[in-house]
Amino acid sequence: MGFYERRILPLLLEKMMIGAETVRLRKAVLTPARGRVLEIGFGTGLNVPYYPAAVTHLVGVDPNPGMQKAAEQRLSAAHMTGEFILAPGDTQLPYDDGTFDTVVTTFVLCTVGDVNRTLKEIRRVLKPDGQYLLLEHGLAREAVVQKWQQRINGFNRMVLGGCNLNRPIATLVTGAGFTFQTSDEFFQAGAPKFAGWTISAVAVRR
Numbered sequence: 001m002g003f004y005e006r007r008i009l010p011l012l013l014e015k016m017m018i019g020a021e022t023v024r025l026r027k028a029v030l031t032p033a034r035g036r037v038l039e040i041g042f043g044t045g046l047n048v049p050y051y052p053a054a055v056t057h058l059v060g061v062d063p064n065p066g067m068q069k070a071a072e073q074r075l076s077a078a079h080m081t082g083e084f085i086l087a088p089g090d091t092q093l094p095y096d097d098g099t100f101d102t103v104v105t106t107f108v109l110c111t112v113g114d115v116n117r118t119l120k121e122i123r124r125v126l127k128p129d130g131q132y133l134l135l136e137h138g139l140a141r142e143a144v145v146q147k148w149q150q151r152i153n154g155f156n157r158m159v160l161g162g163c164n165l166n167r168p169i170a171t172l173v174t175g176a177g178f179t180f181q182t183s184d185e186f187f188q189a190g191a192p193k194f195a196g197w198t199i200s201a202v203a204v205r206r
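Numbered according to the working numbering, the sequence shown spans residues 1 to 206.
If you're looking for bench data, these hints aren't it; they were derived computationally from the structure.
Backbone N, C-alpha and C fix where the C-beta goes; we use that ideal spot for every residue, glycine too.
One or more of the hints may lead you astray.
[To be verified] So the derived label-pair ranges between C-beta atoms look like this: (1) Gly190 - Asp96: 37 to 45 Å; (2) Pro52 - Gln150: 33 to 41 Å; (3) Asp129 - Ser183: 16 to 24 Å; (4) Gly177 - Asp96: 12 to 20 Å; (5) Gln150 - Thr56: 37 to 45 Å; (6) Pro128 - Pro52: 32 to 40 Å; (7) Arg157 - Ala78: 31 to 39 Å; (8) Val144 - Thr31: 27 to 35 Å; (9) Val144 - Tyr95: 20 to 28 Å; (10) Pro32 - Glu83: 15 to 23 Å; (11) Ile152 - Pro128: 34 to 42 Å; (12) Ala53 - Gly98: 17 to 25 Å; (13) His57 - Thr179: 39 to 47 Å; (14) Gly190 - Lys147: 21 to 29 Å.
[As the list claims (entries may be wrong)] In silico SDA-like cross-links for lysine to any residue, where the CA-CA straight-line distance does not exceed 20 Å: (15) Lys69 - Thr81; (16) Lys120 - Lys193; (17) Lys27 - Gly190; (18) Lys27 - Ala77; (19) Lys193 - Arg151; (20) Lys27 - Gly2; (21) Lys120 - Thr179; (22) Lys193 - Pro168; (23) Lys120 - Asp96; (24) Lys120 - Arg151; (25) Lys27 - Asp184; (26) Lys147 - Phe186; (27) Lys27 - Ile152; (28) Lys27 - Gly161; (29) Lys27 - Ser200; (30) Lys193 - Ala20; (31) Lys127 - Lys193; (32) Lys127 - His57; (33) Lys120 - Thr81; (34) Lys69 - Gly161; (35) Lys147 - Pro128.
Starting from the given sequences, assemble the full structure and let the hints guide the process.
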């Protein structure tokens, strides 16, 4: 991992993810979080302030060591019981089956190397009665937007740490053995259409 990924990319992503609309969406998707929580793609811990009191322990997983210091500072400032684990989200996680009450991803499934393996791991570590909370962007429904997403995907991946614009998130999640309890798909206000097709959902194991 080079200087750009360790030093520049964390700052760039944080600036992109703190807009008022994005914060509103984060707060909304995290409202049902409870118990032991695993967040994959923890980054600098932007979600930490929005977790409800029902969360008893928070584990954040991220592969980028450049994120760790800020993430641990946010955990400490929030007085949350939690920990930061330096690991990719698409490898086998160091937890037993059915460990977590809640698993969270926000704007992460676009970036993981093997999205199917990531979703398989989420399902594995989630309790049978647990919930998967996701806020993700991906392939739009409109054909014209899809064409632009395909055209610029390579450049986007290069600049934004492997972020893919063209992953069909809802299809991938249901294909991994989940059912949506609630699901809302829309163009995020203020975002360019090629990057703004968003899904906010609560999913459970089938």
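Going down the list of hints, with the structure as the test:
One distance hint, 37 to 45 Å for the beta-carbon pair Gly190 and Asp96, holds here, with the actual separation near 41 Å. For the pair Pro52 and Gln150, the beta carbons lie near 38 Å from each other, so the given range of 33 to 41 Å is met. Here the CB-CB span from Asp129 to Ser183 is close to 19 Å, well matched to the stated 16 to 24 Å. At about 18 Å, the beta-carbon gap between Gly177 and Asp96 stays in the expected band of 12 to 20 Å.
Take Gln150 and Thr56: their Cβ atoms lie about 43 Å apart, and the range 37 to 45 Å holds. Separated by about 22 Å at the C-beta atoms, Pro128 and Pro52 break the suggested range of 32 to 40 Å. Checked against the hint of 31 to 39 Å, the pair Arg157 and Ala78 passes, with Cβ atoms roughly 32 Å apart. The hinted window of 27 to 35 Å between Val144 and Thr31 holds, with their beta carbons roughly 34 Å apart.
Separated by about 42 Å at the C-beta atoms, Val144 and Tyr95 break the suggested range of 20 to 28 Å. Between Pro32 and Glu83, the C-beta spacing of about 22 Å keeps the proposed range 15 to 23 Å intact. Taking 34 to 42 Å as the suggested C-beta distance range, the pair Ile152 and Pro128 conforms, at roughly 41 Å. Evaluation of the 17 to 25 Å hint for Ala53 and Gly98 yields a pass: the beta carbon distance comes to about 24 Å.
Separated by about 26 Å at the C-beta atoms, His57 and Thr179 break the suggested range of 39 to 47 Å. For Gly190 paired with Lys147, a C-beta distance near 22 Å keeps the hint of 21 to 29 Å intact. A hinted pair counts as satisfied when its Cα atoms are at most 20 Å apart, and Lys69 with Thr81 qualifies at roughly 16 Å. For the suggested pair Lys120 and Lys193, the alpha carbons sit about 29 Å apart, so the restraint of at most 20 Å is broken.
With a C-alpha separation of about 17 Å, the suggested pair Lys27 and Gly190 falls inside the 20 Å cut-off, and the hint holds. Of the supplied pair hints, the one linking Lys27 and Ala77 holds, its CA atoms being roughly 18 Å apart against a limit of 20 Å. Pair hint Lys193 plus Arg151 holds up; C-alpha atoms about 13 Å apart against a cutoff of 20 Å. The straight-line distance between the Cα atoms of Lys27 and Gly2 is roughly 32 Å, outside the 20 Å bound, and the hint therefore fails.
Between Lys120 and Thr179 the alpha-carbon distance is near 14 Å, which keeps this suggested pair within the 20 Å criterion. Of the pairs offered as hints, the one joining Lys193 and Pro168 holds, with about 15 Å between alpha carbons and a cut-off of 20 Å not exceeded. Straight-line distance between C-alpha atoms of Lys120 and Asp96 comes to about 13 Å, which keeps the hinted pair within the 20 Å bound. The hinted pair formed by Lys120 and Arg151 fails the criterion: a straight-line CA distance of about 29 Å is larger than 20 Å.
Using a Cα cut-off of 20 Å, the hinted pair Lys27 and Asp184 holds, with the two alpha carbons roughly 15 Å apart. Only pairs whose Cα atoms come within 20 Å are accepted, and Lys147 paired with Phe186 is accepted, the gap being roughly 18 Å. This hinted pair does not check out: Lys27 and Ile152 have alpha carbons roughly 30 Å apart, beyond 20 Å. Taking the CA atoms of Lys27 and Gly161, the gap is about 24 Å. The hint is violated against a cut of 20 Å.
A C-alpha spacing of about 11 Å is found between Lys27 and Ser200, which places the hinted pair at or below 20 Å, so the restraint holds. The hinted pair formed by Lys193 and Ala20 meets the criterion: a straight-line CA distance of about 18 Å does not exceed 20 Å. A hinted pair counts as satisfied when its Cα atoms are at most 20 Å apart, and Lys127 with Lys193 does not qualify at roughly 36 Å. Taking the CA atoms of Lys127 and His57, the gap is about 15 Å. The hint holds against a cut of 20 Å.
For the hint pairing Lys120 with Thr81, the CA-to-CA distance comes to about 26 Å; that exceeds 20 Å, so the pair is violated. Restraint check for Lys69 and Gly161: satisfied, since their Cα atoms lie roughly 19 Å apart, inside the 20 Å limit. Between Lys147 and Pro128 the alpha-carbon distance is near 39 Å, which puts this suggested pair outside the 20 Å criterion.
In summary, the numbered hints that this structure violates are 6, 9, 13, 16, 20, 24, 27, 28, 31, 33, 35.
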